[in-house]
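Listed in order, the protein sequences are those of chains A and B.
According to my numbering, the first sequence holds residues 1416 to 1634 in order.
According to my numbering, the second sequence holds residues 2 to 245 in order.
Derived by calculation from the structure, the hints in this document are not laboratory data.
Backbone N, C-alpha and C fix where the C-beta goes; we use that ideal spot for every residue, glycine too.
None of the hints are false.
Which chain B residues face chain A? A few, computed with CB under 8 Å, are given here:
#1 D91
#2 A105
#3 V109
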Amino acid sequence: MDFNVIREYLPIYWEAFFLTIKIGWIGILISFGIGIPASFSMFFKIPVISQIVKAYVELFRNTPLLVQLFFIYFGLPKLGITISAQTCGALGLGLLGGAYMAEAFRSGLEAVPKTQSEAAFALNMSKGQLFRLIILPQALSSSVPAVVANVIFLLKETSVFSAISLMDLMFTAKDLIGLYYNTTECLTMLVLFYVIMLLPVSVLGNIVEKKARFSMFGE
Amino acid sequence: MSEVLKIDSLVKRYDDLSVLEKIDLTVKKGEVIVIVGPSGCGKSTLLRCINGLESIQDGKVVVDDEVVNPVQKKASKSREKIGMVFQSYDLFPHKNLLQNITLAPIKVQKRKKEEVKEEAIELLKRVGLENRTDSYPRQLSGGQKQRAAIVRALIMHPEILLLDEITAALDPEMVREVLDVVLNLAKEGHTMVIVTHEMAFAKAVADRVIFMDGGKIVEEGSPEEFFENPRTERLKRFLETFTY
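Chain A extracted, bound-state conformation (with noise of 0.2 Å):
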């Protein structure tokens, strides 16, 4: 291991780390962005918009993100439609997280016993109410580890813009071993920087987990 070609790489490796965050994240917004309202839709049966999420739902989640991405990037500009890798590695993430969120909201606010409702319904509380004050909170609560585990699902899938020519850290890494095969070096500042990018979410996630858990079922 060279410690030069390390400090070398060093500035390069955080330029590319930066842009897979920033690439991710945005993703993840707008898979919340799709997801909570897809969820919605699914849990109150709405006609034909839950049918579409589903369809949605299920071809997204059975096909790969890289299949997606060449659907995105090389097949809108057929369309005329052209976007930048980033915007499409932002959307493509977004769509298959929206995938994976709605279905993670939505067993959430299935988990929320029918007898709440009732409860509430008792209570002489609107359809509004209900979902406002009773179901709401507890579905969130209760998918917190599923929401958790798609976020950090989907940081790893950044891995795969590569393949679409955005500098990520897979991408970058490719790069300089291609140019230089300091394939040692370059591998395990990738593993690195995947570890520095994911531990802290890992970490904060646990403590969200713990919390949510705790508001609901207790110790």
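Assemble the complex: chain A is given as a structure, and chain B must be docked to it using the hints.
Structure of chain B alone, referenced to chain A:
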């Protein structure tokens, strides 16, 4: 005495399965009705039909001159006149005890926070839970939870209180503390319809006892005649199962 609840030839069916057949029942203000009967006789379903948790196929339920069931599918003032306590307590796990009790009066009845809080603490004192206002349901025993659930129903000032096997999930030791609360409510003149398997309690609390079987009211009467001189063979057999 004025009628609080009037059930008029109520019919409840699940597809072809008849659960309740032409039930008629009138409850006067301040009256305590206890319904007993074997499992599956429809007594819990009857309670659920009274407050609109179940749809009905014929007949109607009237509380204080307003039709409650057939349900109008949304919250209504008349439904507020019916309070219900469930076997499984069904407190809201994400709210502490005080919030559980004050949530509906504040959000549904739009009453003032301070006034509701004051009343909640007053009611909690009466059931011996005034020191547990900050506890979450998971930190309470079954008996405590059920007493809290009773307070949660009471604070809405219902005209009539429905108690659906409220001690069935409790340890024997906790049954007493909950039943004592109900006995006090009866003394204070609350109108109640109670479904229970506690025969001694039924005897003590009821003004009128009703025996249901197969979705019908088979026999009804004052506790004395009901337990001492059952008229029908079916009730005799049912009561015998409680003596060894």
